[in-house]
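Engineer: The lines below spell out each chain.
2 protein chains.
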Amino acid sequence: MARVVVDVMLKPEILDPQGQAVQRALPRLGFDGIADVRQGKRFELEVEGPVDDAALARIHEMAETFLANTVIEDFAVKVEETAEPAK
Amino acid sequence: MARVVVDVMLKPEILDPQGQAVQRALPRLGFDGIADVRQGKRFELEVEGPVDDAALARIHEMAETFLANTVIEDFAVKVEETAEPAK
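Which chain is which? The protein sequence lines are A and B, in order. Using my numbering, the first residue of the first sequence is number -3, and each one after it goes up by one. Using my numbering, the first residue of the second sequence is number -3, and each one after it goes up by one.
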């Protein structure tokens, strides 16, 4: 079973109030030197069968239509190596 | 300016209703072959200055005390290469 990760982040031009809240809280908590924080979502998908081009194309479509709102969000699909790689 | 990513995911033994909702919706939307979905958070931190061991140690502490709830969540800190690498 292979793991595919879909990262969904707000586009850079979209205001990210969650990230701003985190960034503003950091100095109060004693953490300096962080210029910007953006918060997004991470989906870990356990894929049955091999992660070939067809499977990745399907996951890409799934991310585009369902996991991300592509009006305001960007997404990235990455294959993660697992202990038992896809054959 | 270097980018450091903190991924926060629920621990494997903790129920993830958000991920389950996504997983159950997928077959209805025509996507089969996904055995499991876990949903978590991704923080992208823009770090001022070099990302050396001291900076990473601070970010690790920040993630542990502030970004993740380590009772129920695991986190991972990763340095991402950017166009303008830290000097």
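No lab work stands behind these hints: they were computed from the structure. Heads up, a few of these hints could be off.
One copy or any two copies: either way a pair holds, since identical chains are not told apart in the list.
To be verified - Simulated pairs of lysine to aspartate or glutamate, EDC-like, Cα-Cα distance not exceeding 16 Å:
1) 7 / 40
2) 37 / 69
3) 37 / 12
4) 37 / 70
5) 37 / 3
6) 74 / 3
7) 7 / 57
8) 37 / 77
9) 7 / 48
10) 74 / 28
11) 7 / 28
12) 37 / 60
13) 74 / 9
Engineer: When the hints from earlier in the document are held up against this structure, which numbers fail?
Structural biologist: When the structure is compared with the hints, numbers 7, 8, 9, 10, 11, 13 turn out to be violated.
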